[in-house]
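Engineer: With chain L fixed as given, assemble chains Y and E onto it according to the hints.
Here is what each chain is made of, one letter per residue.
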Amino acid sequence: MKKVRAMDVTKVLVCAVLLVGLFTVLHPCLHEDGTKGMCASAWTGTVAVAGIAAVLGILEMFFENRKIRTLISVIMLAAAVVCFLMPGVFFRLCMMETMYCHTVMKPGIRILSVCLAGLSLVNLIGLMRKKDVHRKK
Amino acid sequence: MRHLSIRNLTARPGRTIALGLLIVFLSMALFGGSVMVRSLNGGLASLEARLGADVIVVPSSAKSSTNLDYLFLQGTTGYYYMDTEKAQKIAQTEGVERASFQIFMASLRASCCSMPVQVIGIDQDTDFTIQPWIEESFGRRLGDLDVLVGSKVNAGIGESIRIYNTDCPVVGRLAATGTTLDTGVFCTVDTVRLLLHAASELGHDLKISGDPENVVSAVYLKVKDGVDVQSVADRVNVYVRKVEAVRTRSYITGIADSLGGVEKTIRTLIVCVWILAFLILMAAFTMLTGERKKEFAVLRVIGMSRGKLAWVLLKESLLLSLFGGVIGIVLGGALTFSFQGLIEEALSLPFLMPGVSELLLLAIMTLVVVMLVGPMSSAVSAWKLSRVDIGRILREGI
Amino acid sequence: MKLRCEQLEMHFFRKTGDANFFVAVAPLSLSLPEAALTVLMGRSGSGKTTLMNMLSGLLRSTSGRVFLGEDELYAMDDRTLSRYRNRHIAVIPQGQSALPQLSVMENVLLPGMIYEKDRRQDAERRREAAEMLEQLGLGALLDVSPRELSGGELRRLSIARALLMHPDVLCCDEPTADLDDENTRVVLDILKKTAGDGCTVFMVTHEEDAVHYADRLYRMQSGQVTEEK
Numbered sequence: 001m002k003k004v005r006a007m008d009v010t011k012v013l014v015c016a017v018l019l020v021g022l023f024t025v026l027h028p029c030l031h032e033d034g035t036k037g038m039c040a041s042a043w044t045g046t047v048a049v050a051g052i053a054a055v056l057g058i059l060e061m062f063f064e065n066r067k068i069r070t071l072i073s074v075i076m077l078a079a080a081v082v083c084f085l086m087p088g089v090f091f092r093l094c095m096m097e098t099m100y101c102h103t104v105m106k107p108g109i110r111i112l113s114v115c116l117a118g119l120s121l122v123n124l125i126g127l128m129r130k131k132d133v134h135r136k137k
Numbered sequence: 138m139r140h141l142s143i144r145n146l147t148a149r150p151g152r153t154i155a156l157g158l159l160i161v162f163l164s165m166a167l168f169g170g171s172v173m174v175r176s177l178n179g180g181l182a183s184l185e186a187r188l189g190a191d192v193i194v195v196p197s198s199a200k201s202s203t204n205l206d207y208l209f210l211q212g213t214t215g216y217y218y219m220d221t222e223k224a225q226k227i228a229q230t231e232g233v234e235r236a237s238f239q240i241f242m243a244s245l246r247a248s249c250c251s252m253p254v255q256v257i258g259i260d261q262d263t264d265f266t267i268q269p270w271i272e273e274s275f276g277r278r279l280g281d282l283d284v285l286v287g288s289k290v291n292a293g294i295g296e297s298i299r300i301y302n303t304d305c306p307v308v309g310r311l312a313a314t315g316t317t318l319d320t321g322v323f324c325t326v327d328t329v330r331l332l333l334h335a336a337s338e339l340g341h342d343l344k345i346s347g348d349p350e351n352v353v354s355a356v357y358l359k360v361k362d363g364v365d366v367q368s369v370a371d372r373v374n375v376y377v378r379k380v381e382a383v384r385t386r387s388y389i390t391g392i393a394d395s396l397g398g399v400e401k402t403i404r405t406l407i408v409c410v411w412i413l414a415f416l417i418l419m420a421a422f423t424m425l426t427g428e429r430k431k432e433f434a435v436l437r438v439i440g441m442s443r444g445k446l447a448w449v450l451l452k453e454s455l456l457l458s459l460f461g462g463v464i465g466i467v468l469g470g471a472l473t474f475s476f477q478g479l480i481e482e483a484l485s486l487p488f489l490m491p492g493v494s495e496l497l498l499l500a501i502m503t504l505v506v507v508m509l510v511g512p513m514s515s516a517v518s519a520w521k522l523s524r525v526d527i528g529r530i531l532r533e534g535i
Numbered sequence: 536m537k538l539r540c541e542q543l544e545m546h547f548f549r550k551t552g553d554a555n556f557f558v559a560v561a562p563l564s565l566s567l568p569e570a571a572l573t574v575l576m577g578r579s580g581s582g583k584t585t586l587m588n589m590l591s592g593l594l595r596s597t598s599g600r601v602f603l604g605e606d607e608l609y610a611m612d613d614r615t616l617s618r619y620r621n622r623h624i625a626v627i628p629q630g631q632s633a634l635p636q637l638s639v640m641e642n643v644l645l646p647g648m649i650y651e652k653d654r655r656q657d658a659e660r661r662r663e664a665a666e667m668l669e670q671l672g673l674g675a676l677l678d679v680s681p682r683e684l685s686g687g688e689l690r691r692l693s694i695a696r697a698l699l700m701h702p703d704v705l706c707c708d709e710p711t712a713d714l715d716d717e718n719t720r721v722v723l724d725i726l727k728k729t730a731g732d733g734c735t736v737f738m739v740t741h742e743e744d745a746v747h748y749a750d751r752l753y754r755m756q757s758g759q760v761t762e763e764k
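Protein chains in written order, with the numbering used here: chain L, 1 to 137; chain Y, 138 to 535; chain E, 536 to 764.
So here's chain L without its partners, still in its complex pose (with noise of 0.2 Å):
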């Protein structure tokens, strides 16, 4: 039986937990008159990008080559930092920052990024230490 590794299951796990929060506690303004805030766009970018690091956290549990492995991190990596970028710098929030998408979405969408970033860049140093000792011996 393949061994399953606890660091992709962990990475899976923060991907998950970042899209179930975009879709319910995380998610853009909403005016009086149903209409989305500027924040939206964020939103919407940062679900996309979500979405492909989980995607791409669930296809590194089936590869065993360590090359794919570190590409794959490398690219989660990236994502991560993408999402952390998206609200506020890559996309404007709402004009106010008493409003929801400054005091929940972007927070939470940060921590989690961080968390994900963070993880990667803990696989991605694993995954160079064990080409080296391949070297070495």
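There's no promise every hint is true.
Unchecked claim - Lysine-lysine pairs mimicking DSSO-like chemistry, simulated, CA-CA at most 30 Å apart:
| no. | chain 1 | residue 1 | chain 2 | residue 2 |
| --- | --- | --- | --- | --- |
| 1 | Y | 401 | Y | 379 |
| 2 | Y | 445 | Y | 359 |
| 3 | E | 727 | Y | 445 |
| 4 | Y | 431 | Y | 445 |
| 5 | Y | 431 | E | 727 |
| 6 | Y | 431 | Y | 521 |
Claimed, not checked - Stretch by stretch, here's where chain L covers chain Y in the computed footprint (C-beta under 8 Å, at least three residues):
| no. | segment |
| --- | --- |
| 7 | 286-296 |
| 8 | 409-418 |
Hints were generated in silico from the structure; no laboratory data involved. Where is the CB? At the ideal position from N, CA and C, for every residue including glycine.
Structural biologist: Chains Y and E in isolation, oriented as in the chain L frame:
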């Protein structure tokens, strides 16, 4: 030997992580809680500084639509006006040293921003509450249609805010106050009057009875030295009809009381978390004593003295406390900083995060406390382990 | 230096018959020969380990005195005695006594690093430890965790750790327990050679083969020690 404590920690990662997490939690609670308490105090001090006036007079109708709490703490936009004649009468009340007035209005979402914003017009010649803050942050007078935005308005200098089809260039951003003044847009009274006309032309009912050129929303009074502030407020309430004069001191005291209640709750929670965590840490270290008796018996057998043995264990808890403390401070700071908007909204109290130097000081103090408590909780087991009965353990067989 | 005891006695508190204590070691005066292998034999529970612990400075007796040369062990405070034992008396306790969080090399170097402040001697000590481990057949296992060693290898590790300090006295408690015949022979050979190199070796065991290696043999039963010619 030099790295024995580190090796002891890394050899049992599960145990180390569990203890470390407890310390991280402690550190987060202390640092996060301290930052919150300091932010609340900072917000109150800032509010006090910004209010400036001894008495604020608003139309009686303001009470039904809003009151000072909403204006300064929750930033609910509103329209309330009284005519300038009344304002002049208020300014001439016996005991008043200085007076100034402001005009408020609210924008519509569609015309400007993602949500309605409070527009505050000040008389630059007489204002003594917001003008000092403007001079501090901006340094020059405002022109027609020029607006200054509070620190929480997401508009850059050089951009424009569109209010009732009128483009108002943003010429500056004001420093944070920790109150809902941070979500305000500030301009001259002339600008507000222009906007009132624009709103009226667009067919919006601003509930002004009379000419927009002759209305004000609030009058701010500075009382002469030696004069009783309450008596001035009472005189205004008696001699000027349909207005409400509020002592800012009593208003501040009210907020301070609420703030005191919140602070007390936070401090109590911190103390409870610490007591509980300290007991759990002590219990954890004590339970581990039994597990490590043989290990320490070996160290005694090869010639380690009791003192050195106790020091090995204390060094372990110091290292745990150091790393756990730092991680907890970083996490606590990150969470408090990230969610400060939500915290402010939930508390509905002035909330101004301390500056970098104060945050660093709080972080250092938190780390010192954590690094004292960690070793304290392991002191009993360190003492016990250093007195392990080697003879008995060796008889039982290592 | 000669290891000797005068009227050494040990009681433990335990309700036995009409008494509140039992006698683990009856009053004993003994002098161990230098540069020789002394073997103490006896069944389990006869008091061998208790006697060894008292002679090696690990267990304070109920009464009596222990001397190494002119130094009275139990007249010293814990700090002084610990340092003294570290330098002069090595003990190989019963069972496995390696620290699993350290490698084989680190375990062997450990006693030398407790009080040593001079890091310049680290390299010298390492070299000596590597040579000793090579001689004991552990040369290829320097960086390995003790968890990966066999019983015989662990015992040899304990011996290397003890001998690296060049002690005056080496006390061993059941050094051949749980070992097969070949490893038992290897260990006994090492202990005999160590005695021959000038160390006072004191071994407690119930292994009958040890009799053939002993320069002096004692038997212990119910706390009483008798010399066997």
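Engineer: With reference to the structure, classify each hint as holding or not holding.
Structural biologist: Status of the hints after comparison with the structure:
Restraint check: the Cα-Cα separation between residue 401 of chain Y and residue 379 of chain Y comes to about 39 Å, which exceeds 30 Å; the hinted pair is violated. Between residue 445 of chain Y and residue 359 of chain Y the CA atoms are separated by roughly 69 Å; this puts the pair beyond 30 Å, and the hint is violated. A threshold of 30 Å between alpha carbons decides the hint, and for residue 727 of chain E with residue 445 of chain Y the separation of about 34 Å lies outside it, so the pair is violated. For the given pair, residue 431 of chain Y sits about 16 Å from residue 445 of chain Y by alpha-carbon distance, which is consistent with the 30 Å threshold.
At most 30 Å may separate the alpha-carbon atoms for a hinted pair to count; residue 431 of chain Y and residue 727 of chain E meet this at roughly 29 Å. Between the alpha carbons of residue 431 of chain Y and residue 521 of chain Y the distance comes to roughly 13 Å, so the proposed pair stays at or under 30 Å and holds. With 5 residues carrying a beta carbon less than 8 Å from a beta carbon of chain L, the segment 286-296 of chain Y meets the three-residue requirement, and the given coverage holds. Residue count for the segment 409-418 of chain Y with a Cβ under 8 Å from a Cβ of chain L: 0. That is fewer than the three needed, and the coverage hint is violated.
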